[in-house]
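K.L.:
Generate the whole structure from the sequences, applying the supplied hints.
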Amino acid sequence: MTARLLPCGDAAVLVEVSGAADILPLYRALTGRPPAGVVDVVPAARTVLVTTDPDVLDEAALHRWVGGVLAAHPGRGAAGAASGAVSGAVSGAVSGAVSGAVSGAVSDSVSGAASDPAADLPPRQVEIDVRYDGPDLAEVARLLGVDAAEVVRRHAGSSWTVAFTGFAPGFGYLVTDHDGLRVARRDSPRTRVPAGSVALAGEYSAVYPRSSPGGWQLIGTTDAALWDPGRDRPALLSPGDRVRFREVR
Amino acid sequence: MLTVLVPGPQTLVQDLGRPGHAALGVPPSGALDAPALRAANRLVGNRLGAPALEVLLGGLRVRASARCTVAVTGAAVPLHVGGRPVPWGAPVDLDAGDVLAVGRATGGVRCYLAVRGGLDVPPLFGSASTDLLSGLGPAPVRAGDELATGDLVDGDPGPLPGLRPAEPAAAGTPAVLQVGPGPRRELFDDEAWAALTGAAWTVTPDSNRVGLRLAGPSLHRTSGPAELPSEGLVTGAVQIPPSGQPVLFLADHPTTGGYPVLAVLARAALPVAGQLRPGAVVRFAGQG
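Protein sequence lines correspond, in order, to chains R and L.
Residue numbers for the first sequence follow my numbering, beginning at 1 and rising by one.
Residue numbers for the second sequence follow my numbering, beginning at 250 and rising by one.
The hints are simulated quantities; they were obtained by calculation from the structure and are not laboratory data.
We put the CB at the ideal spot given by N, CA and C, even for glycine.
Watch out, some of these pointers could steer you wrong.
[To be verified] Okay, the calculated bits of chain L under chain R, using three or more residues with CB under 8 Å as the criterion:
no.: 1; region: 281 to 295
no.: 2; region: 426 to 434
no.: 3; region: 498 to 508
no.: 4; region: 511 to 520
P.N.:
Spelled out as structure tokens, the structure:
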């Protein structure tokens, strides 16, 4: 797998891969049988962060282990020499590479990685009711050169998949199979984004699980509980889940 | 049981946090000065990670409802029981009805009050810690709260020779934090690194358990795309947002972020960072 190990202090390393399609295979390889001393493995858009307890696994041992995992796992996005089923999922275009990574995650999660909490959970179909009343809806429409109704049609009409989670508990980064909703973050982040805000940024859509600072474009609001520590499954969205947004008024 | 009479500016339940769930977006949280928490627990004969109170700036008053043993570590604070001074960094026996008053912190900002048995708080993801970013864990301590104790003992109370409080900052003497290069060091030129490690940074008042916001010269990266894809953050990451003013992330940090991380603190420097108050002056030292 084509990857770079980036420095991240004396108790972590950030692994950067060349393509989004490499993330979930690498994440699963790193969470399969980690050595003692690995604390967290955090997948994101182009990187996987590995943090350690350095009293158990020192920096040199961490780098040796990660290097070994990378050597044992041929890349999907960059090398293109993957097995038939996998390369079938990774078709061509940039947006295709993202959906390739996600469908890889779904099939991998059936076989089940060992210590990945999300991998134990089968992907689900989640429906989220949205009032498209966000303060940035008009601005998003302007940026995309369409009207607000078209933004709503695209958002509620797309099938979304949870590529990874992070930022805050219950925050899922959702991707879809087209780039008709791709907008930049706001120039100036809001100090407070209300809980339940449905948002867009870059290739992602997301719902803010609770009030927090944020720079995403807000297009709507939902009452869905994205995060409830009292539930068996606190996060409504786990990597690999399929999501549809339904417009309510 | 301890009854809270006066909570002070901010008193939270903290233990060693909930690392291991970052892939779900769960911050590590936990005591910002973890060695001080462990020392407080050791003094009262608890397991080292038992839940205790993290008291910001002092000003806490609690009443014991039964005989118990407590200890305070971390920030330098005067302690009184029934108006009589009692020692910092040592086991203190309270009788039923005794009131322990934690005075104003003179060195450091966070002291840790452990009670024998630990605080009995149901864990979430293996931890009783209050996480101010995600809202996990118990609400901040309020007047009237009754804090039950548990059975997380691991020996007898006893002294810890050589234990010292967080140093009061001598006027004009900056705290020095060791750093190494962060994952996006390459997006910054050597002048930016020299500015990071050469300047005196001031901790601003909007700092908290999520991070220290620092004021000083503006740092700007010299290459790279306009927006970075979000990537995993570690405790101790020194992130450079578009304003050019660094944010040093502490235990309640978001698990991912989209601004470049120029440097990362050495782990040994984290407890020092957790004891800095607004207005404190900081220098970073390290090769990058």
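K.L.:
Which hint numbers does the structure go against, in order from smallest to largest?
P.N.:
1
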